[in-house]
Amino acid sequence: MVDGKKQWKAWLYLSPVIILTLVFTVWPIINTVRIAFLDDYTLMDDVGGMTFSVGIHNFEKVINYPEFLTCLKNTLLLTVITVPISTFLALLIAVCLNSIKALNRLLQTIYFLPYVTNTIAIGIVFSTMFSMVGTGFGGANPYVSTAGIINNIIGIFGIEPVNWVNTGSTYWANMFVMCVYIVWNALPFKILILLGGLQSVNKQYYDAAKVDGTGRVRTFFRITVPMLSPMLAYVVITGFIGGFKEYSSIVGVFGEEMGPAGNEGALNTMVGFINRNLMSGSPREGIASAGAILLFIIIFAVTMLNMYVSKKRVHY
Amino acid sequence: MKKTIAIILAVLLVVSAIFVLAACKPNRRAEFVLPEGGYDGSAVTITFISSMGQSYGVLLDEFLARFKEMYPNITVDHQRGGDYDSNRDVIKTQLGNNQAPNLAFCYSDHVALYNRSKAVVALDSLIESDIEQTRADGTKERLGLTDAQKADFIQTYYNEGKAFGDDKMYMIPFAKSTELMYYNKTSFDSWELPVPDHWFATDGKEGLQTTDHTSMEYALAFIKDKDPNSTPLGVDSGANWLITLFEQFQTGYTKATDPHYLFDNEANYDILTTLRRWYQNNWFTTRQLLNGTYTSTYFTSSSSDQGKKSYISIGSSAGAAKQVPAESANFDVGVTIIPQKEANTPIAQSKVISQGPSVCLFNSDNPQEVVASWLLAKFLVTNAEFEARYGMDAGYLPVIQSVQDLDGYKQKLDEADTKENMAGMAAKLCLEYKDALFVSPAFYGSSEARDQMDVLLNKCVIVTGNSADAIRQGIIAEFKNALAICEY
Amino acid sequence: MTNLLSLSQGGTVALGVIFGIVILLELCYIGYLCYLRATGRKHFSLRRERQTATSGVETQPDDGFALTTESLGDTKALGKGVMKERNIETVKKVQKAVKIIVKILIYIFLIAVAVSVLFPFYWMIISSLKSYDEYALEGEFASRVSPTFFPQTVLWSNYAEAFKTANLGTLFLNTVFVGVVSTILSLIITVLAAFAFARLEFRGKNALFAALLATMMIPGELFTITNYGTVTNILGWGNTYTALIVPFLVSVFYVYLLRQNFLQIPDELYYAAKVDGTSDLKYLWKVMIPLALPTIISITILKMMGSWNSYIWPRLVANDELHQLITNGLRDTQFNVYLPDGSIDQDKINYPVQMAAVTLVSIPLFLVFIFLRKYIMKGVSRSGLKG
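Chains as they are written, first to last, in our numbering: chain A, 1 to 316; chain B, 1 to 488; chain C, 1 to 387.
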């Protein structure tokens, strides 16, 4: 079934990928694992000639980090909130977009625009949109003025200005802004995938449904969603992976303090924790590596479960 | 299938083994030994990472050209880095892989980090060297620093380079700044309000009740009373403020030897409790609490509404120029030393924090590169003209006192008495208070402690609670948090 | 083992919470998919029965997204009975009206989404045209409560200043060079690998592919330190274009995308080509690449975007003026605010000029995207087809 010549050829074609992956991905991974199991490893100490004993001290440090639970909670919350919302919104938009003719191409183009932007740069734009200027946040005096455009917009509807991202803002206000931004960021890719899926759904099913006189909503849940299930699974799986690695969007909105002034670190995530241990005045590479391995295990477990579920349940 | 996995694993092992072997070069750096005869005139290229923006780069380029005339065989590869933190990360990664620039801008925190790799050159042998170096034009210079040159440095700045616990000198000061208090002189005069020279009321009374009229407590309450829409005090750096307070009141912040962190104590809870009350009264704000807006914008603003007006601003001497009021807000600015622990504290007992870049040297396989780098660093920091011009351009303070002898600089200082010459006023003041300067200890983790001071202030001032006790417990909890993160 | 036992309570609680939440999540997700599956099946089995049973169901209103009428089966059945008694004309009119209303609602929804998608871009552009004071609500704007929606004085000079201060010309050239070279090389590598995975049979194919996919799950930040050592110490590529290009040539995601695409090309074509004696490479070049062109173009653009946005790595390995890339250049540039006397205000960043620079940097990508829109969309969407 497999002839030797082709074996040889396949490996030849794959050789650039294999070599580059070994050097620039596999080797770093091996090195990371090595570092993670060296107690209290830091790069500078290593260069300075210090030796480290082998152990799992770094993992203990990660779990005992005072803000570890916060990081974990935020990572999970952001994923759990944004993946379903963005998937549902993307599905809704894709179905609507698929049902119209005029403006279709223009709207498609617009929806895809966030995909080609820099996360941090647009994060700064979001942060200015939600910000307010004034005094006394959290103090005895109420805020006096608001400059963020969002507060001006909700003011039109008679809603009191909300302190979204500034000093004294609540955790859920911050979370809301982050969710809005992450969903905004995640939509283009999802819309695109789902739209592609919709266009490839065999028209016969719809014709049959029409003959049957099935209602739109029923058609949607009984034909569209099942037919789209491979794409939905794909979008959900990649969404989960991306969600667990959330970091730069928060830096974009809140800066590297990962939270509003007075509540620094409130929105820190797992990758934020890893980065903080890599890039700070007193970096601890051992702990960063251990954190990354833990994160990898979580992502891996969730992805495997996702894959397992979709293999079993997704309608092809 | 099993066979394939075995093969893949074997390949991985072999490849990794190769890399481990390749990476296992002897990576411990030997201590720098000054070559006999100093710089021998050989051709070397030295890398210099600065944080100078393009505008000051021009000035540096001019002096690098002069240096090249003196030592034509030394080529300087000047790399304009990013901000201090990104330079630190780049240099750290380079050091981690046995690479390094030859000299770089640094803060003492950075040197504490780099020092772990034992790659920073101890400058003592260079400073003490009496080798004569001959320049291209035939003139001679001493490789080390002469006694006059050593004495010329402002001592606090110079000694900062030695504060790493082993009495060796690892960095030489380049340019410095300090915190100053700017106040709205016109308003102070019209209200006949004395300029505060200490923080807290000595009689323990709050607000206008206190009879201690030269305290910040009284001044803030007074201003808030006169102009209820204002935020009387703006502080640009919360961390600097806390570190200075802890130093002035001797309540403890950090120290260079283990245990490093001393700030978690009752006296400091008291200080933060007072600051919280001030913030809740809307008496002050900080740059961080304003999401990065410099408080000087409030100070110089003409706007009397929306609380966007302050009458006192505590900010860096490097930012003196931005404390100049907008033309529409026509008022005079006074500038003075920041308040102290007690009224009328003499200069020698006053405490003012000092900051700013120094230069450190990294070891190299070729000792000639190190000596050449030293010659360059020495040329720049002992050159009064360079120091003066850089200081004037960038708003930093020169690290040597002989700048005062330069015609232009002296004239600038003498004329400095109006808001048009704010930088000059600031510089004059700093020279006057040079004995009051202090630096915070540097060690592995000191930058984290600094970051935590910012966080601590922000978190403590917005603590809420039903009773004074609950508030205090909230503040204590924030201290414990900060300590836990520092000690992590 | 003793170490394991010494994990503090917080740690154990943390672990418990992770797994608890993950399991809960998974259960929800499984439940949801089961529901989909179940309802889907039910529908297909019901269809045939209904085809024979009902005839006049055409009259049922296409009520778009009025979920309530749909979910309440009883109401619907009731409605059906009433419907039958009405004459066809009215029903058709109602149907038409409903259709139009639904269309309008759809358009309103879509346009609202489009506006919210576009708003940050609008904000970026108007910000780039404002003066510093107008942007920061300082100086003469200090008394304003809300920011201006349109710049009072349009400062096109911000763009000129951005171009000049950031030295964008050189940065553009460097970035385009690195982008083009790495894209071409990356495409060659990706196409070959995707071909091998999609079309050739060899031992360990699936294991290798799975292993490659697994690497996607690791946060890339971790690779930086080790890779920096590899590139500078072992390979000696410091401050070269090579160091900017080679480490990022392989993207598992692109291999995956293209492989999915290749898989859709019918096997028959390949066997026919084999019978004709066409070599693998020729078949790849003549048949597969043209068929997979949309995906290849979209990979090209994604790759270009990558070069355009990369920051940490270029900063480390090649940050001299000769090789600096655009993001680094932008970050390192100080966009100054000038004081009345012409000197620089040290601590203010001229955000409008920075926004102008960001806009300038984004424009090439937007243009490429708008011109190649069709291909990108086709390419990316096809990747999901055979999940």
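Hints are computed from structural coordinates only; laboratory data are not their basis.
Only a predicted model underlies this, so the values are computations on that prediction, with no experimental measurement involved.
The beta-carbon is built from N, C-alpha and C at its ideal position, and this holds for glycine as well.
Worth double-checking, as some hints may not be accurate.
Said to hold, decoys possible - If the Cβ cut is set under 8 Å, some of the chain C residues that face chain A in the computed set are:
id	residue
1	F109
2	A112
3	V113
4	T226
5	F371
6	R373
Results for each hint:
A distance limit of 8 Å between C-beta atoms decides the matter here; for F109 (chain C) the minimum to chain A is near 6 Å, and the interface restraint holds. For A112 (chain C), the shortest C-beta to C-beta distance to chain A is roughly 10 Å, which exceeds 8 Å, and the interface hint is violated. Satisfaction of the interface hint for V113 (chain C) is found here, the shortest Cβ-Cβ separation to chain A being roughly 6 Å, below the 8 Å cut-off. Nearest Cβ of chain A to the Cβ of T226 (chain C): about 4 Å, under the 8 Å cut. The hint holds.
With its C-beta approaching chain A no nearer than about 11 Å, F371 (chain C) sits outside the 8 Å limit, and its interface hint is violated. The closest approach between the C-beta of R373 (chain C) and any C-beta of chain A is roughly 6 Å, which is under the 8 Å cut-off, so the hint is satisfied.
The structure is inconsistent with the numbered hints 2 and 5, although it conforms to all the rest.
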